[in-house]
Amino acid sequence: KQEVTQIPAALSVPEGENLVLNCSFTDSAIYNLQWFRQDPGKGLTSLLLIQSSQREQTSGRLNASLDKSSGRSTLYIAASQPGDSATYLCAVRRSSNTGKLIFGQGTTLQVKP
Amino acid sequence: DTAVSQTPKYLVTQMGNDKSIKCEQNLGHDTMYWYKQDSKKFLKIMFSYNNKELIINETVPNRFSPKSPDKAHLNLHINSLELGDSAVYFCASSQGAMGTANEKLFFGSGTQLSVL
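Residue numbers (my numbering), protein chains in the order written: chain A, 294 to 406; chain B, 1482 to 1597.
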């Protein structure tokens, strides 16, 4: 059974810091992995999607890496800003074409001005 | 323009009632989903439709019935609401079906359902 864990559950950093959010999954047989952002009272926004054959994806100040063999992904946020404050969730797609998305519980990030 | 819109945003109702949540996407996507986020913030898929055809039906009580009149709409009807149904329900869409390169998800803003 695939389980997705995100540590830490909450993180508070001063503005301008570079930071790393961690995501681990128990079954390395995944199709892809996505990172989402959830703002309070709002839906999720897909940030980055990494296919199982890829090692990383970049979008602006965000960089997501994937290490299937160790069951880990990281989301690197450079030069954090208060506007980055949100909950960040990772989710893995199982390898079968009918596989569902398994979400982690999220890391709630607060970037202080 | 909102890409994935769902209504209502808040829904407060009594146990035993029947209610519906509507979802529409204007992205031209082929696949739509319903997710449930419980009090512990875990998101779990409930249903997935591709071109109006049901392709995922997770272990969801029969009281939950999705309806897709066309590929731009996926409504969720819930019969005989129970206290445990209280959660935030998210609609989502993607260009392709799950497991494809175009499965990037676009979410609605959620419907917070409170069953009293």
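These are calculated hints, taken from the structure and not from any lab test. All values reported here derive from a predicted model rather than from experimental measurement. Hints may be right or wrong, so weigh each one.
Stated by the list, open to error - Calculated Cβ distances over 10 Å to all of chain A for the following chain B residues:
#, residue
1, Leu-1508
2, Asp-1551
3, Glu-1584
4, Ser-1590
Said to hold, decoys possible - In silico DSS-like links for lysine-lysine, alpha-carbon gap of 25 Å or less:
#, chain 1, residue 1, chain 2, residue 2
5, B, Lys-1525, A, Lys-294
6, B, Lys-1490, A, Lys-294
7, A, Lys-361, B, Lys-1525
8, B, Lys-1500, A, Lys-294
9, A, Lys-294, B, Lys-1521
10, B, Lys-1490, B, Lys-1552
In this text, a Cβ means the ideal position worked out from N, Cα and C, and glycines have one as well.
Going through the hints against the structure:
1. The Cβ of Leu-1508/B lies farther than 10 Å from every Cβ of chain A, with a closest approach of about 12 Å, so its non-interface assignment holds.
2. Listed as outside the interface, Asp-1551/B is consistent with that label: its C-beta sits roughly 22 Å from the nearest C-beta of chain A, beyond the 10 Å cut-off.
3. Annotated as non-interface, Glu-1584/B brings its C-beta within 10 Å of a C-beta of chain A; the closest such distance is 7 Å.
4. At the 10 Å boundary, the C-beta of Ser-1590/B falls inside the reach of chain A, the nearest C-beta of that chain being 5 Å off.
5. At roughly 14 Å between alpha-carbon atoms, Lys-1525/B and Lys-294/A fall within 25 Å of each other, so this suggested pair holds.
6. Taking the CA atoms of Lys-1490/B and Lys-294/A, the gap is near 33 Å; set against the 25 Å cutoff, the hint is violated.
7. Our distance criterion of 25 Å between C-alpha atoms is met by Lys-361/A and Lys-1525/B, whose separation comes to about 22 Å.
8. Proximity of Lys-1500/B to Lys-294/A is assessed by CA-CA distance (about 33 Å); at most 25 Å being required, the pair is judged violated.
9. Of the pairs offered as hints, the one joining Lys-294/A and Lys-1521/B holds, with about 19 Å between alpha carbons and a cut-off of 25 Å not exceeded.
10. Between Lys-1490/B and Lys-1552/B the alpha-carbon distance is near 22 Å, which keeps this suggested pair within the 25 Å criterion.
Of the numbered hints stated above, those contradicted by the structure are hints 3, 4, 6 and 8, listed in ascending order.
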